[in-house]
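Those sequence lines, one after another, are chains G and A.
Using my numbering, the first residue of the first sequence is number 9, and each one after it goes up by one.
Using my numbering, the first residue of the second sequence is number -15, and each one after it goes up by one.
These are computed hints drawn from the structure, not numbers from a lab.
Treat the hints with care, as some may be off.
What the hints assert, rightly or not - Distance ranges between label pairs, derived from CB positions:
no. : chain 1 : residue 1 : chain 2 : residue 2 : range
1   : G       : GLU54     : A       : GLU170    : 28 to 34 angstroms
2   : A       : VAL260    : G       : ALA44     : 39 to 45 angstroms
3   : A       : PHE241    : G       : ALA50     : 23 to 29 angstroms
4   : G       : SER108    : A       : GLU133    : 48 to 54 angstroms
5   : A       : ARG191    : G       : LYS86     : 23 to 29 angstroms
6   : G       : HIS43     : A       : LEU167    : 34 to 40 angstroms
7   : A       : PHE245    : G       : MET46     : 41 to 47 angstroms
8   : A       : PRO99     : G       : HIS43     : 52 to 58 angstroms
To be verified - Listed below are the simulated DSBU-like cross-link pairs for lysine-lysine, each with C-alpha atoms no more than 35 angstroms apart in a straight line:
no. : chain 1 : residue 1 : chain 2 : residue 2
9   : G       : LYS52     : A       : LYS199
10  : A       : LYS165    : G       : LYS81
11  : A       : LYS165    : G       : LYS41
12  : G       : LYS80     : A       : LYS165
13  : A       : LYS165    : G       : LYS86
To be verified - Pulled a few chain A residues facing chain G out of the computed Cβ check, cut under 10 angstroms:
no. : residue
14  : PRO26
15  : THR63
16  : LEU67
17  : ASN137
18  : LYS153
19  : SER154
20  : LEU187
21  : ALA202
22  : ALA206
23  : SER269
We treat Cβ as the ideally placed atom computed from N, Cα and C, and that holds for glycine.
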Amino acid sequence: MKVPRLSALLTIAFCASLALAASETRLDQVPPKDHARMNPLAGKPEAVAAGALLYKDHCAQCHQADAVGDGKKKPSLKTDRVRTATDGDLEWFLRQGDRSHGMPSWSSLPEARRWQIIAYLRSIQ
Amino acid sequence: MHFRAFPAFFLLLLCFCFVPGRTVSAQEKPYFITYSQDLEEPGNLEIETKTALAHPDGGNHYGAMAMEFEYGARAWWTTELYLDGQATANESAIFTGFRWENRFRPLMSEHWINPVLYVEYENITGADKNMLEVVGHDGASDLAEPNDEARQNHEHEGELKLILSSNLKSWNISENFIAEKNLGHEPWEFGYAVGASRPLRTLSSGRECVYCLDKFFAGVEAYGGLGDTWDLTLHETSHYIAPLLGWQLPRGMRLSFSPGFGVTSTSLGRVYRAGVAFEVPQVGSWFRSGKGGAR
């Protein structure tokens, strides 16, 4: 009976680790160095205006023009998790994406444009 | 079948240019031969024509066009269908075959160097002149062969590429290593493509403008053959260097242009390339939601 008990324990451990991993969002994985970064364009109205255009071009197709998502797979960007994230968290997330959940990486955008998008996202919270 | 390909291609392109709904502008690089780490955004469809114009020694002027349908199946997987054709002066305009390619991102995070795996199947004739890659001992003489003879040669080929690509500051630097195999009794052929590009202005202007510098990309790519398993040398291989210019237009349109210059005696002297791309967002949702239109 030892073998079935061991396999049951392993199964429980595996499921628990999966549940733990699932509860950790992508934003929880930001390295400390990136977490501490500040938006060099924060508070600049021209950055917000440019970010609005970039958002329309690249983000609105999934997250909707008003950034509330579709209520299903494409999430709202007006949430506490986004509000409490640092600028560095958001820049890291845009750069890395979350491919396993359908979010592409935006590393192809120059870093300055990612900061412009973040300036816009801050303005609509 | 003597298929008059070009009117059909242009008709298709026009149809998609008037697709209703929102459009998006992807940050695609202006490369013609080199692939970067960029994949199509999930659910989006990009339709692009790539045209190559050249005049091989001993042959006639030609214009070859590949029409590309690129779909973002997943954030880590892009699949593409190419329809190829060409028109040669004093000869004919013919459909030369199709290619089906898939690109996969094996790593889910961004790194200094990002690998992409590329797998392609080609069913084309020897009359294909698009030169979407140069491998083995490909040369200008292959492109001078008359259409009536070259189209008798049917090629079923498999192609693998290892794409390595980095975004450093505002630059993209990409390297492609190519291995191609005719599924008949032919050797493996090898080739390479490398490219670098960047936008002319990194900050977005914040205006709905057409001629702002941030809408333009510039770069350069180099590509060529590296021999085959029967003759793994650079002897009689073709190599090209090609400056690039890309222009992001409103409504999801993108233009690109590149004059390429052959650097060996086996290469074409010059080849001019032009591309027109149009991106349609969230095509998949048209079918899923049943409401029509992109969300």
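TODO: Take the C-alpha atoms of G:LYS80 and A:LYS165, compute the straight-line distance between them, and say whether it is at most 35 angstroms.
DONE: Cα-Cα ~44 angstroms, so violated.
Does 34 to 40 angstroms hold as the CB distance between G:HIS43 and A:LEU167, or does it fail? 51 angstroms, violated
Subject >> Interface hint compliance - A:THR63 to chain G, C-beta minimum distance less than 10 angstroms >> reply: 15 angstroms, violated
Sort out whether G:LYS86 lies within 35 angstroms of A:LYS165, counting only the CA atoms.
-> Violated, because 51 angstroms separates the two Cα atoms, which is more than 35 angstroms.
Notebook entry, point to check: Do the numbers back the hint for A:LEU187, that is, is its least Cβ distance to chain G under 10 angstroms?
Noted result: 5 angstroms, holds
G:GLU54 versus A:GLU170 beta-carbon gap, inside 28 to 34 angstroms or not: Hint violated: Cβ distance 58 angstroms, outside 28 to 34 angstroms.
| That 23 to 29 angstroms hint for A:PHE241 and G:ALA50 (C-beta), does it hold up? | The hinted range 23 to 29 angstroms is violated for A:PHE241 and G:ALA50, with Cβ atoms some 38 angstroms apart.
task: Kindly confirm whether 23 to 29 angstroms is satisfied by the beta carbon distance between A:ARG191 and G:LYS86.
output: Given range 23 to 29 angstroms: holds, Cβ gap about 26 angstroms.
Check: Holds or violated: 48 to 54 angstroms for the Cβ distance of G:SER108 and A:GLU133?
Finding: Roughly 50 angstroms apart at Cβ, these two residues keep to the hinted range, so it holds.
- request: Using the Cβ atoms, figure out if A:VAL260 sits within 39 to 45 angstroms of G:ALA44.
  value: This hint holds: roughly 44 angstroms between Cβ atoms.
Item to check | Hint check: 10 angstroms Cβ-Cβ cutoff, A:ALA206 to chain G | outcome: 21 angstroms, violated
For the hint 52 to 58 angstroms, verify it against the beta carbon of A:PRO99 and that of G:HIS43. 27 angstroms, violated
Hint check: violations occur at hints 1, 3, 6, 8, 10, 11, 12, 13, 15, 16, 17, 21 and 22; the rest are consistent with the structure.
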